[in-house]
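Chains as they are written, first to last, in my numbering: chain R, 1 to 83; chain V, 1 to 83; chain S, 1 to 139; chain C, 1 to 139.
Check each hint, because a few of them may be wrong.
Simulated pairs of lysine to aspartate or glutamate, DMTMM-like, Cα-Cα distance not exceeding 25 Å [unchecked claim]: (1) K70/S x D113/S; (2) K58/S x D63/V; (3) K46/C x E17/R; (4) K2/C x E89/S; (5) K106/S x D72/C; (6) K116/S x D22/V; (7) K136/S x D36/V; (8) K45/C x E89/C.
Rather than coming from a laboratory, the hints here were simulated on the basis of the structure.
Please read all numbers here as calculations on a predicted model, not as lab measurements.
Here is what each chain is made of, one letter per residue.
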Amino acid sequence: MTNSLQIQVVYFAKLRELTGLDQEAFSMMKGSNPTDVLESINERHQIDIGSNFKIAVNDEFSDWDIKLHDGDRLVFIPPVTGG
Amino acid sequence: MTNSLQIQVVYFAKLRELTGLDQEAFSMMKGSNPTDVLESINERHQIDIGSNFKIAVNDEFSDWDIKLHDGDRLVFIPPVTGG
Amino acid sequence: MKEFNILSDVISLQSISAMVENNGIGAQSVFEGIVRNTNDGHEVKKLEYECYESLAIKEGDQILDEAIEKFDLIDAFCVHRVGTLEIGETAVIVVTTSGHRDQSFKGCRYIIDEVKVRVPIWKKEYYADGETEWLKGAG
Amino acid sequence: MKEFNILSDVISLQSISAMVENNGIGAQSVFEGIVRNTNDGHEVKKLEYECYESLAIKEGDQILDEAIEKFDLIDAFCVHRVGTLEIGETAVIVVTTSGHRDQSFKGCRYIIDEVKVRVPIWKKEYYADGETEWLKGAG
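Same shape as in the complex, but just chain R (with noise of 0.2 Å):
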């Protein structure tokens, strides 16, 4: 047992370009929701990701405070701007 959770985070768009990668892993506690892979991630690289992008796990919208599981993966989704 062990108590961090592999959650890989994927990159799109202005995000992508950003963070300079397609995808990265991150080790998470136990517990940890969207927000706190959002602050990781704005840590790690020094970014800060506005509050209104959207959520997406596991290809489904998904809200800021659920209990993500082990091998979740994450997709910030910034305003859309297709059409």
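Put chains V, S and C on the given structure of chain R with help from the hints.
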């Protein structure tokens, strides 16, 4: 100098079927207007052209009370149903 | 540019005059009116459209001018078919282009709405039971 | 039927799945979003669209379902292009069919409005002065 006007009336759609004609000539008194021609049509063909028709004189929408001129070409326009 | 046309052959988007190339176009709206198999509860077999052509083209062009002016359109086209149409065939096509989508949508809707009440074209329906009727319209 | 698609090649009306033949169709509305040469006063040279595809298709299909339900549509299709687009190229196409025109117009407008704020697709503009920018969106 004659006291009459030769007016050509062209029929479309339901009016063409009601009169059985594509067009016909009416000899009208000087000073006649489209309303007078309408009455002549109703009388000659024993029909009753509705009051919701529009009138075109020489391929322009017109008022019902304008004075007609010799050789004018009239079209009584049933409510349109294109599209 | 603008152009209103009456055609007696099958119509499609290719019946619309070539668009003038314009790099400011950001939106294009198209509407097609199609012959359907029912109207007001009657089973329709086919339609016949008749047109007072010279006035129809004048009035149609006037409607396109109004739409261009009101909605700042770049191009506006409309073609209406006449003669006998079968179920599934296209009776009328409207195309509008503009900088932004709100304009092309509103211009396209304006044109078809006005064409349907102002342009002298009349529709006769042929029903499954053998009856026929010139539709009464909104007037 | 309905289908939302993401394509990286040039798109046109032929990119839309063949319509199911339906004799009840009386109206078809089409919207095309096209790359224009200016945005917000900047001269644009080209665009790049990037997409989170698996979620985009789910969300796009969800929007089509909503439009069909709200506006009693017969068919609803949307295709969005990704990758590099030049001025004058089509970025997105929406097609709706219905019994009457009010439905196809409103359904078509609903779909493009929702796609533009809900489907995870992002646009980067390349300007004449060499600068580039990921647009900020409405969020």
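| task | Given the hint that K116/S pairs with D22/V, test it: the Cα-Cα distance must not exceed 25 Å. | result | It holds: about 24 Å lies between the C-alpha atoms, which stays within 25 Å.
| request: Verify the proposed pairing of K2/C with E89/S, using a straight-line Cα cut of 25 Å. | output: holds (22 Å)
| query | Under the criterion that the straight-line Cα-Cα distance not exceed 25 Å, is the pair K46/C, E17/R satisfied? | reply | Holds: K46/C and E17/R sit about 18 Å apart, inside 25 Å.
| Proposed proximity, D63/V with K58/S (alpha carbon, max 25 Å) | holds (17 Å)
| query | Is K136/S close enough to D36/V, meaning Cα to Cα at most 25 Å? | reply | Distance ~24 Å between K136/S and D36/V Cα, so the pair holds.
| query | Would the pair K45/C and E89/C pass a check requiring their Cα atoms to be no farther apart than 25 Å? | reply | holds (12 Å)
| message | Please verify whether K106/S and D72/C have alpha carbons no more than 25 Å apart. | response | holds (21 Å)
| said: Would the hint linking K70/S and D113/S be met if the CA-CA limit is 25 Å? | reply: holds (14 Å)
The structure is consistent with each of the numbered hints, conforming to all of them.
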